[in-house]
Every structure is written in structure tokens, then in C-alpha cells.
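On the provided structure of chain A, position chain B as indicated by the hints.
Here the protein sequences line up with chains A and B, keeping their order. In the working numbering, each residue's number is its place in the first sequence (first place is 1) plus 130. In the working numbering, each residue's number is its place in the second sequence (first place is 1) plus 5.
Hints may be right or wrong, so weigh each one.
Claimed, not checked - To give a feel for the contact side, a few chain B residues facing chain A, derived at Cβ under 8 Å:
no., residue
1, Ile106
2, Ile108
3, Ser113
4, Val168
FYI, nobody ran anything at the bench for these hints, they're computed from the structure. Glycine included, C-beta positions come from ideal geometry on N, C-alpha and C.
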Amino acid sequence: MRVAIACLALALCIAPAESLAQQAAQRPNIVLIFPDNLGWGEVGAYGSVRGVPTPNIDSIAAQGMRLDNFNVEFSCTVSRAALLTGRYAIRSAATQPTGITQWEVTIAEGLKSVGYATALFGKWHLGGSNWINGRTPIDQGFDEWFGIPNTSNEAQFTTTPGFDSTRTPVPYIWEQKAGGPATKVRVFDIASRRTVDREAALKSVDFMERNARARKPFFLFYPMTQVHFPTLTHPDFVGKTGAGDIGDAMADVDYNVGIITAALKRLGLERNTLVFWCTDNGPEGRRPWRGSPGPWRGFYNSVMEGGIRTPCVIRWVGRIPRGQASNEIFHELDIFPTIAAAAGADIVPKDRPIDGVNQLPFLEGKQKNSNRESVLYFTGSQVRAVKWKEWKFHYAFQPEPRVTEPPLMRLFNLRSDPKEESDIKDTNPWAIGVFDKLVADYLASAERFPNVPNGARDPYEPPRRP
Amino acid sequence: MKRRLSALGFGLIALASTAGAQRPSFAGDWVRNDSVARTVATAGDAAFRRGDMSSGWGATLTIRERPDSMIVEYDFFSAYDLQPRVRLAYALDGSESRNSIMIGHAESAQRARLSWQDNALVITTQHVGPKGADGRAPSYEVRQALTLDASGALVVETTRSGVLGAPTTTTRAQYGRK
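Isolated chain A (complex conformation) (with noise of 0.2 Å):
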């Protein structure tokens, strides 16, 4: 009896361990390759300006699906605040010198607590300059790391004429697992960005495979460096495709994402895994690096088309139908929601604005419009401009940074003029109220739910509410 009894309790015991082991099983491995810079022109599913062949990115758009209207925000560190968290970055006061707080929820932080694998192999850029005192990747739920905690052009430092080590900290590649300290790999300079990525793609493999093997669903996030300047791509493509320093850049880029799908199909995860291939901003717009924004107008660092609206391709096979293409309006934002619908797990937060929304519907074609109608575009603390439909309404309009032309307010139609340059508000007054009024929602939402305050500190708690 007493040994019934003591199998009885402990069956109840294993259950429910069982139970979420099982369930973790069948959850989707999730793969978000997000590389730096890349606009819209440089791709082959996009047209390719340069002619650079990318059969590995094709091939995910062609067994998935193109977005044509795929939206970002502006610049490196609050496109990955926003893609992370599903909120605006303006949301988590996501800058450069600071990064995010913990307080913040991210996508490998949702995933982990449901049993998922987390990892980032490549740029960071969420830490601020002192990440490494409570803003590394494993503070915001990643299992291990390796890369650049910071930007790619630190690798010019250490090569720029009267650089000086007492003054600025040395750039350097580093690597850390959960429980243990961040250690230093190689100084990160021109020679080893030129292999970065490489190695954060071989890295990737070897996660995957351990994971494979212990049958445990992963996140590999995999944000490239590359082609954010300096564009000195791996010596195995140096002037190989005859298209400059950004053509040979991009060859790498898709030949490491070749690396990472080849790896999920050797190991028969291709149908169980969700494969995200966007990226953070527009193109590059440093001279001599100058990227292409294809049809559109404008680079990183402005709300121009070209500075916000970027290629993504994404492929789940057996769930989203092959080959399809849509100009239906999708924001990095949206990536969290749908991976937490894609995983069937409840873990994007319900105690602050989320701006994201579920698209799974959308790409697995059970609704032929997206869920999102309008986006926000934020540079600093300012609403600069406003997407609605095929509308775009700027309130502050600059079509390259610190460069202004009155009148400030334009409206454009992006379907007609994808260039954004014939200003047509005066025969459509109706604009400024319709715009006006989902500001207006934004700013009820910040009223109600406080933006997390420039340069706040770990540990951050919001106000109380009344």
C-alpha cells in the first residue's frame, strides 16, 4: 500500500514535468536573422541594384513569404529595443549610451520561461556603454552569447590615427553563458570584422545541433553585423562579386544565412522551424559605404521609406503557404506577438502597451489583410511621421538627417508617389485629423502607461498606477 501510495505521488510528482517537457517538444524552433543596415536594393527577392546574386534569402521568400510593406524604426539601437520587446522604442527610452532597462520583456526572455533554448550570436547594441555591468544579452534572457556588444564601426578604433587606449577601452569580440562572467574573444578590429559574422553563423550551427540533439526547441537570434560600416566583408568574398565593398558584403550576408538554413535542413528542423530574415533599418548611408534603398527614398537615420521600410522574407514551411508576396503593412514589432502565437505560449506582458500584433493569421493566409493598418515613426522623443493605409503624413519632414526643406508637414501617397515627393495634403484636409487622432491614441496610451524615463536604471520599476 505504502509502495502504491509512493508510486501514486511520485507519477503525480513526474506528470506535470513530463507535461511541459512534452509540450516544449512541440513547440517551433524560432530563427531571426536580423543583419545591419541592409536596404531594401541590395536583395535579389527585392530586385537587387547590384546584381548580386542572394539565392539563400530568395529561397526563403520563394518557400514563404515576401513583405513588401515591412516596417522598422529608424536606427540600430531602437529597431532591436523594438523588435525585442514589441513596444516603440520610445516606450523603453531604448538609446545608444543606455541601452534598455531589465524591467523590459524580451522575446528570449518569453521563450526561455517556456522551455525554449535562447541565444545570440553577432551585435547586441542594447547595453549601452556600460552593458557589461547588468546589460548583456544573458540579462534579457538569453542562454549564451558571443559578438559585439556594441557597433560594428568600434572596429575602426583601434586603426584611427592617434587612438588611444587610456582614453577609449579597446573594442573587443566577447562570449559569456548564463551563470558565468563575460570574457573577452579577440579585439574586434577591421580583421576581425571581417569574420564576425562567419564565426557567430558556425556558432549558431553548434547551438542548434546541441539543441537538436536534447530535442529542446531553440531562439537563435542571429543579428548580423554586417553591412553596417565598415562594409569589409570576410576575405573569402573580398571583391568577388565586382559590385563594391556593399556587393561583396551582401554575398557574405546570404552566404551565412546559407549556413544556418543548410544546418536546418541537415538536421530535419526545416518544417518545425519558424525562419525570420529581416533586417534592423535602411540601408547603410556613410559614403564610401552607401547602400541602396531600392524604390525608395532615403537611408537609416530617417523616416524615409527607404529609412524605415526593409525586406523581410519569412518561411515556416507546412504552415505558411510558398511564394507568397504582400504590400500589407508589418512592423518589427509584430514579430514578438506572432512568435508567441507561433509557440502557443501566453508571454508577451499584459502590464504595458504592447504595440505589436499577432500576424500569424495573416501569413499563414487564413486572412488576406494584415492586423496592423498604421505605424508610428519616433526619432529621439519627436513623432516625426505617421503611416496609415497607403498614406504617410510627416509632421516634421527631413529627408536626409539634419537636413530640413519647408514645408515641415506633407502628405504623401506611397502608392502613387513611393518616392515620397509631391506633397498633397492641401486637396486632402481630411489627413491631419486622421492622423492627428492615432498620435493622439499613442500619446493616451503614454499617459496612462508612463514612458520608461531617459537614462533610468536597473532596477527599474514603472509608477503605480491610481
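Just chain B now, kept in the frame of chain A:
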């Protein structure tokens, strides 16, 4: 018949009223003074706003007054575009005027009526808005009140009624003589 009589009545009132008091003349070439253009009212929090919808007639305009109509012309295209200025004609007798503007992606059709309110010439225009969730494009009203200020500058106060649940907004633009 009733319509004709009422139009005739309005015309007579307008004429009588014009004859009874010296109305300001808005005729001439005008250039907007952007330093004073500002939003004067909005239903939402406008703290974010830096631009201005202005008058709805661009930065440079010409007004011609004829016995039966007022003509407003303004620059919409650049010189390189080789397109004529936008031309809007408004009947002075209070009857409905129809204007159509080709703006590239569609023709903007407008129906307008003029009236005097003291020394302000008020143009009330019906526009067609964007399609809502029900697939219907609502009609809405824009009211432009033209006055001359003490310095002789043309002031156009434009009130745009909200559509699709949006607030009504008012802007004021001032133009100096060219």
C-alpha cells in the same frame, strides 16, 4: 423651382449686402508668411506638432475677382513639371461651384459655396475623404475664412472637420502682397 428662387434670393441678399457695405478686396498676388503660420486649435494634444497644414492653397497664390466669380490660383507643381497652376473658381452668387484637381493618383473633386460673414469671405467646400472600414468614402466640410488684417495682409483661417472619428482642426495662414 424652389431651388432657383432660393438661389436668386441668396444672390440678391449677397448683392444687397455687398452694395450696402464696402467689402474688402482680396485680389492680388500673395506670398505666405511662414513665420506666423501656426495651428490655432486642435482637439488632440498637439505638443508634438512642428509642421502646419496652412491654408490649403500653398505658399504663393493669386486671387482674381470678377463680377460673378472669384478665382484662386496657386502653385502645386514645380516649374520643371510643366503643369499649369491649380485654378479654383467660386461663384459669388452663393450657388454651388465645382472644381476638380488632378493630383496624380486621383482627381480631387470639390463642391463649394461662398458667403459673407461680416468682413470675412467664407468658402465652404465639401470634400470626399478616404474610404473607411465599411468601404465608403465619407463627405466632409472644409471652411476657409478670408479676411484682411490691419496691415492689409490676407489671413486665411481654415477649419477641417474630422472624418473617421478624427478631431476637427483649425489653422491660420497669413499672406503678404507679392
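Now for the hints, and whether the structure bears them out:
no.: 1; hint: Ile106; in the structure: holds (6 Å)
no.: 2; hint: Ile108; in the structure: holds (5 Å)
no.: 3; hint: Ser113; in the structure: holds (4 Å)
no.: 4; hint: Val168; in the structure: holds (5 Å)
In the structure shown, no violation is registered for any of the earlier numbered hints.
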